[in-house]
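Sequences listed follow chains A and W, in order. Taking the UniProt record's numbering, the leading residue of the first sequence gets 1, the next gets one more, and so forth. Taking the UniProt record's numbering, the leading residue of the second sequence gets 1, the next gets one more, and so forth.
Quick caveat, the hints were computed from the structure, so don't treat them as lab data. We treat Cβ as the ideally placed atom computed from N, Cα and C, and that holds for glycine. Errors might be hidden in some of the hints.
Here are the simulated lysine-lysine pairs, BS3-like style, with alpha carbons at most 30 angstroms apart [claimed, not checked]: (1) A:K165 to W:K715; (2) W:K157 to A:K165; (3) W:K863 to W:K531; (4) W:K18 to W:K85; (5) A:K85 to W:K531; (6) W:K715 to W:K700; (7) W:K106 to A:K165; (8) W:K450 to W:K531; (9) W:K42 to W:K18; (10) W:K700 to W:K797; (11) W:K863 to A:K165; (12) W:K418 to W:K439; (13) W:K42 to A:K165; (14) A:K85 to W:K18; (15) A:K165 to W:K450; (16) W:K98 to W:K42; (17) W:K118 to A:K165; (18) W:K98 to A:K165; (19) W:K805 to W:K269; (20) A:K231 to A:K109; (21) W:K581 to W:K567; (22) A:K84 to W:K450; (23) W:K160 to A:K165; (24) A:K165 to W:K564; (25) W:K805 to W:K572; (26) A:K25 to W:K348; (27) W:K18 to A:K84; (28) W:K348 to W:K439.
Quick list of simulated restraints, FRET-style, between CB atoms [stated by the list, open to error]: (29) W:H59 to A:M197: 51 to 61 angstroms; (30) A:L190 to W:Q806: 33 to 43 angstroms; (31) W:E458 to A:R220: 35 to 45 angstroms; (32) W:E458 to A:D65: 49 to 59 angstroms; (33) W:V748 to A:S191: 48 to 58 angstroms.
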Amino acid sequence: MDLISDQGLRVDGRRAGELRRIRCKLGVYDQPDGSAYLEQGHTKVLAAVYGPHQIRGSRTKALQDSVVINCQYSMATFSTGERKKRPRGDRRSTEMTMLLKQAVSAVIKAELYPRSQIDVFLEVLQADGGNYCACVNAATLALIDAGIPLREYVVACTASLANGKVPLVDISHLEETMGGPNLTVAALPLSGQIAVMEMSQRFHIDHLEEVTQLALQGCRDIYKILDKAVKEHLLETGDFFPQLESN
Amino acid sequence: MLTSKTFLRKTKKGNILKIVREHYLREDIWCGSKVCSECCAKTDDQVLDENPTIACTKHNYGHYLVLDTNVVLDQIDVLEEDVLKNVIILQTVIDEVKHRSSTIYKRLKDVIGDGRRKFYVFVNEHHQDTYIEREQGESINDRNDRAIRTAALWYQKHLKAFPTQKDKRKGIKVILLTDDRKNREEAIKSGLIASSVEDYVEQLTDAKGIGDKLSKRNFTSDISEKDATYPSHLTPAQIHDGIKNGQLIQGSFQASRENYLEGQVNTEKFEKPILVQGRAGLNRAIDGDTVAVELLPEAEWTAPSDIVLQDDETADPEELNEKENLIKEVKVVEKRPTGKIVGIVRRKWRQYCGILQANPMVGSVRNIFVPADRKIPKIRIETRQYELLVSQRIIVAIDSWPRTSRYPLGHFVRALGKIGDKETENEVLLLEHDVPHSKFSDLVLSFLPKMPWIITPEDLKQRVDLRGIDICSVDPPGCTDIDDALHCRPLENGNYEVGVHIADVSHFIRPGTALDNEAASRATTVYLVDKRIDMVPELLSSNLCSLRGNEERFAFSCVWEITKDAKIIHTKFHKSVICSKAAMTYEEAQNIIDDKSQNHSIAVSLRGLNSLAKILKRRRIENGALVLASPEIRFQVDSETHDPIDVEAKKMRETNSMVEEFMLLANISVAEKILQEFPECALLRRHPVPPLPNFDPLIKAGRNQGFEIDVSSGKALADSLDRAHKSDNPYFNTMLRILATRCMMQAVYFASGMLQQEEFFHYGLAAPIYTHFTSPIRRYADIIVHRLLAACIGADKTYGDLLNKQKTQECCHNLNYRNRMAQYAGRASVALHTHLFFRNKIQDEEGYVLFVRKNALQILIPKYGLEGTLYLVPATGQPTANFVYNEEDQSQRCGNIVFHAFDPVTVQLSLDRSNVQHEKLVLKMVKPFIKDFSVPSVQANTGDAVASDDKMDLDVPQTLPEVETPSKRKESETETAQSKKSKKKKKSKN
């Protein structure tokens with residue numbers, strides 16, 4: 001099967017530069033301080049943020065000048081095609097946890113909460129490619145919902161290369177398995193900074209630039225969608241910003 | 001708009017998975033018609049004509065065609081006709097075709113890609129109005145049929161809105177072509193115009209002969225068990241279950257070349273192939289098919305029969321049975337696993353070249369087609385052009401093989417030209433060997449450098465200037481694609497500086513261009529006796545890249561410092577500019593070396609090279625490199641008619657070996673360098689150690705003559721071959737080497753990351769690592785190696801596919817395939833010219849028995865490098881000499897005359913042209929004389945030769961494919977230079 005047909009359509013009917021459908025909702029739970037649900041195609045993710053609160057467990061972990069960020073990534077047993085027995089603690093999710101922490105730390109104004117802790121929990125309900133991206137995007141929304149001060153949004157997106165020449169954005173699971181190297185970027189779309197960048201295989205140096213650019217463009221597109229959702233959420237929950245209504 | 005596709009799939013473990021995939025439906029998929037003003041497609045995408053016209057008696061209005069999947073699959077030959085234009089191909093159809101047959105998919109893509117044909121691909125599966133979901137209880141096929149109808153209806157409605165100028169009101173119509181009756185009925189019911197392909201094509205007024213190309217797949221009569229010739233096949237589900245529970249074995253079927261009622265199935269399960277015999281056992285399998293076999297109980301196992309059997313024109317069932325019985329004579333020894341084919345997993349039908357069998361019934365439509373490849377059965381076709389086609393080579397495709405039919409059913413595809421015409425015969429052998437030989441397209445040519453080509457100062461800056469050094473090239477006479485040149489000069493410290501300079505083809509062929517893709521697909525230049533099919537356009541191969549004498553050329557140089565006893569001190573690689581001082585032939589170079597009075601720099605240089613080469617060769621042979629033999633000949637070709645005048649065996653001079661040694665050295669040095677730099681993706685060449693059973697025929701043959709052949713290692717083999725000499729038979733050693741050659745495996749290209757280091761070994765050369773670097777003009781592998789080496793030394797950039805080991809391996813597969821085919825094509829060309837040579841000639845020749853078979857002797861005639869079969873037991877005819885076959889020591893006895901392998905004989909060669917369609921080379925025994933069998937020598941009574949022909953009536957079938965049996969001759973290449981030069985030598989000497 002080809003990643004992109006002669007007519008310029010991908011396997012699922014998108015064009016090379018098109019994202020999957022993104023739907024999201026903020027404040028889905030009452031218990032945590034902030035929460036969000038995000039669908040990116042068939043990838044579905046829940047995020048919950050607790051804190052800032054006192055350091056849990058050993059006090060020695062506390063930092064004097066900034067907040068401790070605790071991330072937890074897990075996949076539901078039913079999230080993949082075949083049921084998986086151990087959802088937590090394997091190498092892949094430990095790595096994901098680390099990369100998530102890296103992305104989130106890039107935007108949280110950590111210096112505002114010394115000696116305290118923020119927990120970010122992420123649960124993948126359905127995995128269909130781009131799990132990390134969906135998690136980062138959901139985490140951003142949950143942090144906003146929790147009212148934690150951020151420098152700006154952190155948004156993630158994947159990109160790949162079809163047939164050695166056409167860059168593709170927002171890779172689905174099918175496209176992931178069909179081959180080609182995979183680039184994941186978590187970026188701060190307004191300032192254009194990159195918080196995390198990861199490759200599944202090596203790209204040839206000739207292609208890296210255009211694939212990165214496409215992934216960043218994807219981040220900017222996702223940012224617009226998330227921003228709109230946040231604004232709508234605010235309108236629903238209360239009229240803190242009456243001027244928004246006139247927009 | 002979004003919808004999702006849901007389906008269930010079973011995993012390898014047997015779990016059921018539910019897979020849900022997104023499926024986006026779009027608004028921006030356009031209809032592709034020029035009349036449409038609603039869709040906002042770009043003008044390039046508007047493929048379909050404003051005023052589609054086609055001369056059709058029934059549908060005499062403007063219309064587009066929508067095709068059903070079965071039409072594409074079965075009638076692709078009709079679709080390839082230029083008459084059909086303005087066709088809409090639906091995504092549903094493309095997907096199904098891709099799934100069912102990759103070859104037809106490729107051909108369909110070619111048709112779509114041809115702008116003149118006006119084929120438009122409509123992605124109906126992602127169009128919001130034409131996507132349909134599968135309904136409860138609906139089969140996939142029914143759903144796809146409905147999708148096709150829905151799309152056709154959408155087009156009908158859509159186009160109605162745009163009336164054409166011709167008929168103001170109606171607009172362009174859409175006709176659905178389908179051979180599925182049910183689909184047709186449904187379509188007409190829903191208001192579409194539908195037609196079968198046959199009906200439609202017959203109404204076309206200006207498409208004569210297109211009817212012959214219709215596939216006859218729908219030919220199914222009621223089959224009663226009685227008149228079925230073959231047992232029925234199992235259903236795919238049964239096959240699947242059978243394979244799973246071990247009752248059936250899957251493998252690829254390989255028909256026997258010598259016996260049409262025998263074949264073997266190569267499976268992964270058994271080391272030895274499974275034997276299948278008899279009409280029912282083969283059960284309609286055709287060479288190359290993937291089949292399911294059922295093993296017979298061990299008691300019924302047999303051995304391959306030693307007889308040579310050909311499918312004659314007899315359709316007499318009794319005789320058939322007799323023949324089958326002949327096979328069934330079971331020998332106790334050498335029983336092999338035997339089975340019968342019960343089902344076909346996948347067909348590997350292609351198009352076949354051949355001729356029509358003479359048909360005594362005048363005006364009959366039904367004809368029998370005889371393929372040129374003997375492994376393929378005859379094919380029944382229908383044509384109204386018998387008179388025209390009977391004298392032509394034609395191409396035919398197989399459509400189906402029903403149980404009731406003795407032969408498969410097919411249809412005529414196209415004619416190649418007159419039988420016996422050299423052009424036609426060349427075309428046939430190129431097609432049969434899948435050699436791409438069309439002209440280079442304009443797109444490809446556009447990447448050639450612009451003439452006049454000059455060397456710019458920038459070029460010089462990037463290259464080492466070696467124009468001052470006395471470089472020369474040594475090649476066969478008439479060679480125009482000179483890709484290597486040499487130099488050698490003494491250094492002050494007493495060592496030599498030796499350089500090998502290879503044409504810098506990768507400078508001109510840049511990766512990713514159409515030129516590069518074309519060269520990659522051709523993979524190699526193919527040398528026929530009278531023709532060369534270039535891998536790269538002539539401008540490069542014979543001019544800009546060719547290192548001609550006294551012209552400045554770009555080269556890739558490999559320069560060593562070598563001591564007097566041929567030890568390499570160091571090696572360096574660089575791109576350079578050279579100016580060859582002399583382009584010599586082997587003979588000229590040899591003369592210069594031998595002529596002691598000549599002491600100019602070239603002569604000194606050649607002598608230096610020659611002395612080093614001798615040391616190198618000795619060392620190589622001490623290491624266990626093999627010296628093998630294959631009968632190679634060269635035709636003296638008439639310069640005007642290109643007909644062969646005379647044949648001579650090729651000569652080996654010292655200079656051949658000199659060039660060869662340095663090419664080997666360069667290849668090995670380069671292989672080491674690129675492997676060091678690119679351990680994963682270096683393109684190398686290996687020659688696997690042959691499995692020991694391969695050597696059985698050689699050991700047996702040696703033992704019968706009293707020689708022990710030790711095959712435990714390459715060195716042991718080389719030594720024992722050296723020892724095996726017979727004073728009374730000077731050709732014995734050569735023949736033994738020919739046999740040894742046939743035990744070898746094929747050398748192959750591979751990507752270094754795909755294998756373990758130990759497997760890199762090159763058996764024939766006894767080199768731990770090897771590659772091809774020295775002939776980039778005629779081999780694509782060398783171009784890749786050049787690019788890798790250039791990247792190593794920083795002379796060039798890398799690119800994605802070069803560093804991808806999967807891509808490299810894919811490329812290697814193609815190279816290996818094309819190389820093999822090129823080799824076979826070259827041999828077939830020699831065989832063809834041998835035929836031409838023997839026209840109107842009868843000659844007595846010295847020959848040797850190569851193999852003894854049950855009903856025949858394989859005879860090798862060294863003078864022509866020709867191998868032929870001499871039948872001892874004629875299939876029909878008068879009583880002849882009574883031969884007794886002794887299997888123990890492989891001999892045939894008649895009276896007191898015994899034939900063993902390697903025995904010298906004299907045979908009479910002639911070309912049997914009694915059947916104009918099938919010329920055959922006939923061998924007859926002259927000496928030793930056997931009453932009622934041998935023929936008198938031509939020299940003795942030339943006049944009687946023809947008369948004795950009739951008397952003997954040997955009925956020897958065509959020997960053409962047997963002259964060289966490529967599948968058997970697994971030629972180890974005594975690498976590069978030698979095999980290459982010999983090929984080149986065959987070229988005409990214009």
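Here is how each hint holds up against the structure:
1. At roughly 49 angstroms between alpha-carbon atoms, K165 of chain A and K715 of chain W are farther apart than 30 angstroms, so this suggested pair is violated.
2. Restraint check for K157 of chain W and K165 of chain A: not satisfied, since their Cα atoms lie roughly 38 angstroms apart, outside the 30 angstroms limit.
3. Restraint check for K863 of chain W and K531 of chain W: the C-alpha separation of about 22 angstroms stays at or below 30 angstroms, so the hint holds.
4. Taken as a hint, the K18 of chain W and K85 of chain W pair is broken in the structure, with Cα atoms around 42 angstroms apart against an allowance of 30 angstroms.
5. Pair hint K85 of chain A plus K531 of chain W does not hold up; C-alpha atoms about 66 angstroms apart against a cutoff of 30 angstroms.
6. The straight-line distance between the Cα atoms of K715 of chain W and K700 of chain W is roughly 19 angstroms, inside the 30 angstroms bound, and the hint therefore holds.
7. About 21 angstroms separates the Cα atoms of K106 of chain W and K165 of chain A, which keeps this hinted pair within 30 angstroms; it holds.
8. Between K450 of chain W and K531 of chain W the CA atoms are separated by roughly 27 angstroms; this keeps the pair inside 30 angstroms, and the hint holds.
9. For the proposed pair K42 of chain W and K18 of chain W, the alpha carbon gap of about 40 angstroms is over 30 angstroms, so the pair is violated.
10. For the proposed pair K700 of chain W and K797 of chain W, the alpha carbon gap of about 54 angstroms is over 30 angstroms, so the pair is violated.
11. For a cut-off of 30 angstroms, the pair hint linking K863 of chain W to K165 of chain A is broken: about 55 angstroms separates their Cα positions.
12. Restraint check for K418 of chain W and K439 of chain W: satisfied, since their Cα atoms lie roughly 21 angstroms apart, inside the 30 angstroms limit.
13. With a C-alpha separation of about 22 angstroms, the suggested pairing of K42 of chain W with K165 of chain A holds against the 30 angstroms cut-off.
14. For the given pair, K85 of chain A sits about 18 angstroms from K18 of chain W by alpha-carbon distance, which is consistent with the 30 angstroms threshold.
15. For the given pair, K165 of chain A sits about 27 angstroms from K450 of chain W by alpha-carbon distance, which is consistent with the 30 angstroms threshold.
16. Proximity of K98 of chain W to K42 of chain W is assessed by CA-CA distance (about 27 angstroms); at most 30 angstroms being required, the pair is judged to hold.
17. Only pairs whose Cα atoms come within 30 angstroms are accepted, and K118 of chain W paired with K165 of chain A is accepted, the gap being roughly 27 angstroms.
18. About 22 angstroms separates the Cα atoms of K98 of chain W and K165 of chain A, which keeps this hinted pair within 30 angstroms; it holds.
19. Distance hint between K805 of chain W and K269 of chain W is fulfilled; the C-alpha atoms sit about 29 angstroms from each other, no more than 30 angstroms.
20. Distance hint between K231 of chain A and K109 of chain A is fulfilled; the C-alpha atoms sit about 21 angstroms from each other, no more than 30 angstroms.
21. Proximity of K581 of chain W to K567 of chain W is assessed by CA-CA distance (about 27 angstroms); at most 30 angstroms being required, the pair is judged to hold.
22. Our distance criterion of 30 angstroms between C-alpha atoms is broken by K84 of chain A and K450 of chain W, whose separation comes to about 62 angstroms.
23. Only pairs whose Cα atoms come within 30 angstroms are accepted, and K160 of chain W paired with K165 of chain A is rejected, the gap being roughly 40 angstroms.
24. Of the pairs offered as hints, the one joining K165 of chain A and K564 of chain W is violated, with about 52 angstroms between alpha carbons and a cut-off of 30 angstroms exceeded.
25. Among the hinted pairs, K805 of chain W with K572 of chain W is consistent with the structure: their alpha-carbon atoms are about 26 angstroms apart, no more than 30 angstroms.
26. With a C-alpha separation of about 54 angstroms, the suggested pair K25 of chain A and K348 of chain W falls outside the 30 angstroms cut-off, and the hint is violated.
27. Taken as a hint, the K18 of chain W and K84 of chain A pair is honoured in the structure, with Cα atoms around 15 angstroms apart against an allowance of 30 angstroms.
28. Distance restraint check for K348 of chain W and K439 of chain W: the Cα-Cα separation of roughly 28 angstroms lies within the 30 angstroms cut-off, and the hinted pair is therefore satisfied.
29. Between H59 of chain W and M197 of chain A the beta carbons are some 60 angstroms apart, a value that agrees with the proposed interval 51 to 61 angstroms.
30. The beta-carbon spacing between L190 of chain A and Q806 of chain W, approximately 39 angstroms, falls within the hinted interval of 33 to 43 angstroms.
31. Between E458 of chain W and R220 of chain A the CB atoms are about 41 angstroms apart, so this pair conforms to the stated range of 35 to 45 angstroms.
32. Checked against the given bound of 49 to 59 angstroms, the beta carbons of E458 of chain W and D65 of chain A, roughly 58 angstroms apart, stay inside it.
33. Our hint of 48 to 58 angstroms for V748 of chain W and S191 of chain A holds, since their Cβ atoms are close to 54 angstroms apart.
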